[in-house]
Amino acid sequence: MTPRAVRNWSRIHRWSSLICTIFALLLCLTGLPLIFHEELGPNPKLDDVSADGPSASIEAMVRRAMAERPGHVVPYLFFDRDKPIVKVPTAPTMTTDPASFHYQVFDTRTGKALETTQPNEGFMYIMLRLHADLFAGVKGTLFLGGMGLVLVVAIISGVVLYGPFTRRLDFGTVRRGGSRQRTWLDLHNLLGIVTLAWFGVVAFTGVINTLAAPIELAWQANQLVEMASQAPPSAAAKEKRASIDIVLREVRTAVPGMNVTTVAFPGTPFSTDSHVAVFLTGNTPITSRILKPALADASTGQVVAVRDMPWYATTLFMSQPLHFGDYGGLPLKVIWALLDIATIIVLCSGLYLWWAKLRFWRSEDEVVQRQPATSDLIAIDK
Amino acid sequence: MILRTVWRQWRWPVALAVLTVFGLLTALVGEGGVWWVMSWIALAIPLLVIAWATAK
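From first to last, the protein sequence lines are chains A and B.
Counted the way the working numbering counts, the first sequence spans residues -16 to 365.
Counted the way the working numbering counts, the second sequence spans residues 12 to 67.
No lab work stands behind these hints: they were computed from the structure.
Wrong hints could be hidden among the right ones.
[Unchecked claim] Restricting the straight-line Cα-Cα distance to at most 30 Å, the calculated cross-link-like pairs of lysine-lysine (DSS-like) are:
hint, chain 1, residue 1, chain 2, residue 2
1, A, K66, A, K28
2, A, K66, B, K67
3, A, K122, A, K28
4, A, K95, B, K67
5, A, K95, A, K122
6, A, K66, A, K275
[To be verified] Beyond 10 Å from chain A on every Cβ pair, some chain B residues (computed):
hint, residue
7, L14
8, R15
9, V45
[Said to hold, decoys possible] Using C-beta positions, here's what the derived DEER-type ranges look like:
hint, chain 1, residue 1, chain 2, residue 2, range
10, A, E51, B, A62, 51 to 57 Å
11, A, G240, B, L59, 51 to 57 Å
12, A, M301, B, R19, 48 to 54 Å
13, A, E347, B, R19, 31 to 37 Å
14, A, N26, B, V48, 52 to 58 Å
15, A, L29, B, R19, 53 to 59 Å
16, B, L14, A, M301, 54 to 60 Å
Note that this is a predicted model, so its numbers are computed, not measured.
Quick reminder that beta carbons are idealized off the backbone N, C-alpha and C, glycines included.
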């Protein structure tokens, strides 16, 4: 690589890193506890009950949740992927921002209400909001997505510079005994190149995750409208409501072998005024991440449409585990956390190296500024 | 000569990147058990390399 090319790539690496490092640091620091959200988050205690027994009525849980919060409605049901529990949110309207939901949690085997903290309160919630949208909604999420793209540029330019900067060194060399900057430069290069693939994948899938809102909008505007138009609801659908137990039975019969993960009641952004949308997942590691929507007539529970999600939504679903690291048990989460700490060191050492270089440039400037004084002295001598 | 320099400089970074991608996909595609263990080993190796390089 020519010296000019190295200078240009150095400029790209310096500026892209400077723009995004503070946000990348925030994302790495807030992401650290989020890796363990299942262990650290709300974790209701379950009774020992035979798993083979009949399930309790979900409709009864919905009625109970509404009775606890008079005047409020239940927009969604969220079933847990691993535990026999369902989260029942209540809100003033069907379109209320999920950040304001009040959650009640029930054991799906017994129907018993479980004691739990609200998932939208506390330390983990603050970490999640700082990580996902800086408490600024969709705008904050898209801004962080932009910073993620700049971070990808910083990573690529860092890889390009790894070549000329380590040409004369054996792999893994960390020179000690010289200047502190040189030792930190070697550590920055070593940690950066070793964690490259992991950091690249996590940064890129993070950027894809920030597109969740536009992807949801595209799905609502195209697929949901098309599914609903396949079978216009009966005249009674707007007044009469079938029990959610009937809807779930119809959906499970129509789509066997899949698990219900989310229910969107009529009037929410993920259903229509006269349809219930039920989102299902498969049982394998990959299919358990990909949602399949089924639309049912709200008055009869009859399933009117089932279809796979479009490619852009599937891309989003597949990028989520690769960003969260929650798909390989606790050891994978510990490895994820250690790799995260290594990238925090890469970011901090990068900042330190820039600051040290800045100090060096300033001291050189001072030398240049002193030079006229020296020439004045020479003039006086003459 | 150039090829030898490139090989000397890039064989470890490339091997670690391939190992990382293998580890990331193994746990995602495989169904628990031995697949998870393979993923843990593959992703732990870059961390062990960092430990080795900083300790030597």
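Would you pick out the hints that fail for this structure and give their numbers low to high?
2, 3, 4, 5, 11, 12, 14 and 16
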